[in-house]
Amino acid sequence: MKKHKKFLSLIGFEYKLHSKLDINIIGTKECVSRKISTKEFFKWISDNRGIGIINHPGSYVDKIKGKLNLNKIIKCIEVGNGSPPYKYRRYYNQYFKLLDLGWKLAAINGQDNHRKNWGDTSNVTAVFLKKLNLKSLLESYVKGRTYSTESKTLKIYFTINQAIIGDTIDSTNCRKLTFNIIATDDYNLVKAIKIFSKGNSLVREKISDVPTNSLTLTFTIDYPNVNTWYVANVLLENNNEALTSPIYINY
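Take the sequence shown: its position 51, counted from the start at 1, is 972 in the numbering used here, and no numbers get skipped.
If you are wondering where the hints come from, they were derived from the structure by calculation, not from laboratory data. Note that the structure is a prediction, hence the values are computed from the model and not measured. Some hints here could point you the wrong way.
Straight-line C-alpha distance at most 25 Å; calculated BS3-like pairs for lysine-lysine [to be verified]:
#1 Lys1064 / Lys964
#2 Lys964 / Lys937
#3 Lys1115 / Lys1073
#4 Lys1119 / Lys984
#5 Lys1037 / Lys927
Modelling step: build the complete structure from the supplied sequences, incorporating the hints.
Below is the structure:
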């Protein structure tokens, strides 16, 4: 097999719980070899230092939305799932619902390949890494340094004050929040940037007069008087999108 210096791989597996909720697991050295109870399953993940990912969430998210203790194990959620032009869905509403309830989850995209088309489609997960190694990759998943994108070439830089995606800002000595979002794509034109927050509310948006390879949105607001979160949603040509993990705000 040809070796690539800039390529990093990790193993994982998918498990269907009795509640019909599908969970992907990464970061373990082995997989569950038999059907076990939900309680046993999450204990197994914890004991094996695995990272749980909610797979194509759908309505099944309602079965665990109130179980915040599982957030110690489940660290990511697929906000996009499938392999265009075959079945593909976005799950933004399910994601925002969990964030509103206090969950802290990284936004990722899963191709859910049921054909021999691994890596053929453009929907992927982008991850910010300190180093190109397994430890750094898993750490970024846990900390939420990710965004879901339907363009392999889209780069998103999203900060609030000095915080990056996955960070939590505390109200101590902080009265204003300054947002800076830059979306660049050499191959797919950017049409708009939107910022969403608690309750699926649109905080701010910028629509380009003419689709462009680079779009920037900068603005400042007062510090909110509630615990909340902010995500950046980038709209591209051909109806493609991207959604970042949140920056969280503690009041």
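For each hint, the structure was consulted:
| no. | hint | in the structure |
| --- | --- | --- |
| 1 | Lys1064 / Lys964 | holds, 21 Å |
| 2 | Lys964 / Lys937 | holds, 15 Å |
| 3 | Lys1115 / Lys1073 | holds, 20 Å |
| 4 | Lys1119 / Lys984 | holds, 21 Å |
| 5 | Lys1037 / Lys927 | holds, 23 Å |
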